[in-house]
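There are 2 protein chains.
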Amino acid sequence: MSLPVQRLAIIGIGLIGSSIARVAREKGLARAIVCSDASAEARADALALGIVDAAEADPAVAVAGADLVILCTPIGTYRALAMAIAPALAPGAILSDVGSVKQAAIAAVAPHVPPGVHFIPGHPVAGTEHSGPKSGFASLFDGRWCILTPLEGTDQAALARLEAFWQGAGSNLATMTPLHHDRVLAITSHLPHLIAYTIVGTAADLEEHLQAEVIQYSAGGFRDFTRIAGSDPVMWRDVFLTNREAVLEMLGRLHEDIALMQRAIRIGDGKTLEDLFTRTRAIRRGVLAAKQA
Amino acid sequence: MSLPVQRLAIIGIGLIGSSIARVAREKGLARAIVCSDASAEARADALALGIVDAAEADPAVAVAGADLVILCTPIGTYRALAMAIAPALAPGAILSDVGSVKQAAIAAVAPHVPPGVHFIPGHPVAGTEHSGPKSGFASLFDGRWCILTPLEGTDQAALARLEAFWQGAGSNLATMTPLHHDRVLAITSHLPHLIAYTIVGTAADLEEHLQAEVIQYSAGGFRDFTRIAGSDPVMWRDVFLTNREAVLEMLGRLHEDIALMQRAIRIGDGKTLEDLFTRTRAIRRGVLAAKQA
Chain X
33 MSLPVQRLAI IGIGLIGSSI ARVAREKGLA RAIVCSDASA EARADALALG IVDAAEADPA
93 VAVAGADLVI LCTPIGTYRA LAMAIAPALA PGAILSDVGS VKQAAIAAVA PHVPPGVHFI
153 PGHPVAGTEH SGPKSGFASL FDGRWCILTP LEGTDQAALA RLEAFWQGAG SNLATMTPLH
213 HDRVLAITSH LPHLIAYTIV GTAADLEEHL QAEVIQYSAG GFRDFTRIAG SDPVMWRDVF
273 LTNREAVLEM LGRLHEDIAL MQRAIRIGDG KTLEDLFTRT RAIRRGVLAA KQA
Chain L
33 MSLPVQRLAI IGIGLIGSSI ARVAREKGLA RAIVCSDASA EARADALALG IVDAAEADPA
93 VAVAGADLVI LCTPIGTYRA LAMAIAPALA PGAILSDVGS VKQAAIAAVA PHVPPGVHFI
153 PGHPVAGTEH SGPKSGFASL FDGRWCILTP LEGTDQAALA RLEAFWQGAG SNLATMTPLH
213 HDRVLAITSH LPHLIAYTIV GTAADLEEHL QAEVIQYSAG GFRDFTRIAG SDPVMWRDVF
273 LTNREAVLEM LGRLHEDIAL MQRAIRIGDG KTLEDLFTRT RAIRRGVLAA KQA
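As given, the protein sequences belong to chains X and L, one line each in that order.
According to the numbering used here, the residues represented by the first sequence are 33 to 325, in order.
According to the numbering used here, the residues represented by the second sequence are 33 to 325, in order.
These aren't lab readings, by the way, just hints derived from the structure by calculation.
Incorrect hints may have been included.
One copy or two, it doesn't matter: identical chains are merged, so the pair holds either way.
Said to hold, decoys possible - Straight-line Cα separation of at most 30 Å, DSS-like style, residue types lysine-lysine; simulated pairs: (1) Lys323 / Lys59; (2) Lys166 / Lys59; (3) Lys303 / Lys166; (4) Lys166 / Lys323.
With the hints as extra help, turn the sequences into a complete structure.
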């Protein structure tokens, strides 16, 4: 176990950023915690909650002197942020992030990282549909996986320090290539969100008199989709724009499978339906056994 | 408020049937509770749980002398069940059900209902992904909607007695036509289940080395789909086979909307994505405001 972080800078103090601040404070993972956020309200909330020692409007001010900097903003902001903070990053600092798409995160950030700064992309696979600093909680990462996608030639001591930080937050650690990460997350996270957003949108476009009933009778399954489809719009817009290829490929597979179901229903093929529904039940058992539910 | 039921017969003592037995016992909604089930294990479990006074293999024995009979089995069993119990139904008894598709339930049962028996189809919009008598709980219907779809000429006193029973179980009551019910539930329940089953199936068909990771990283959204896709295979097979038209129509609309999303991702149209994701967030707020989450 490495020494705790001296000065942790969290860029973007929303659900994920504020949860990192909370767990870092609770577990003594950082001696000082500073954040930056473009929203004055979010900065005020973070200070009022007592989860940061300082809240800056300028990310370059926040990162000055920090030995661990974590980007917790939508991926679309990464390029401009990286350019803004690059001159202020301390030599030897670790720069990481929590973005849901790793190839795009690397493309946006890596070109601007000064020599001597260790850029190690990361993704804690955890979250809720809520947004903002008030929605975070310290146990968000507990028992969840944090995936790191280190670039070639990454300093092993820096990697070990970042891993120790996330282990301190309760995470299980995994490392993989950015390409592999983006493919796995396309099916486990991005496609489910895309479909949930779409199906809730389909319901929203129903004849007006049906709409109230869609909400009233949502306990039949729909409500779970509305929960997922209540997630942050800008963050998810950026996920789909930046993980385009993998999402479109998985969507293509899903399309084929929907067509098979459609046909089974149309021709009254109960065996095909029951066989699939029995197989998927086994996968549910796998999720429960892996303690990810 | 009417008098409680003298003798309640529950045909099929699974998640829903056993939850009805539990709440009836807990709230004193019936003086005696008898069930029937094709599974000897389910019958033994129901007796051991103390939620029924008797458990019969023969549904005709269970309904003898009952003033309220509720079918709680998959819709595919309704026709044979109705024929089996018809001769044993007591004059003046109410025959109801909990099936998720009402037109098909009526087509299967109504022709066999003897004169003097009040057939009133029903659907409590509540459930979990678990099955069997051990999975039920008395508060399942609390604050949830129970939809009744009475046929023309239904005895109003019988309807009032059935409504009082469900109100006693904690449900909000609604009545509508069977056609309207099947359309509303196609979008709020059947389509979400179909898509969840399909997407989990798509993941199950991935290259083998990806499968373990799909489960490992399911906290990113996929796990919510596995929960829905862990629901009872036979019950859901019957739902899709019997509500074919409405499900295929809603699936057609969803298809169009998925195509729009696919195109937005492909051409990098962030505005279309963000607009949809913002609209769906408002619907989530509606579900929360309606206390159905």
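Consistency of the hints with the structure:
no.: 1; hint: Lys323 / Lys59; result: within (23 Å within a copy, 35 Å between copies)
no.: 2; hint: Lys166 / Lys59; result: within (19 Å within a copy, 40 Å between copies)
no.: 3; hint: Lys303 / Lys166; result: between (48 Å within a copy, 27 Å between copies)
no.: 4; hint: Lys166 / Lys323; result: both (26 Å within a copy, 22 Å between copies)
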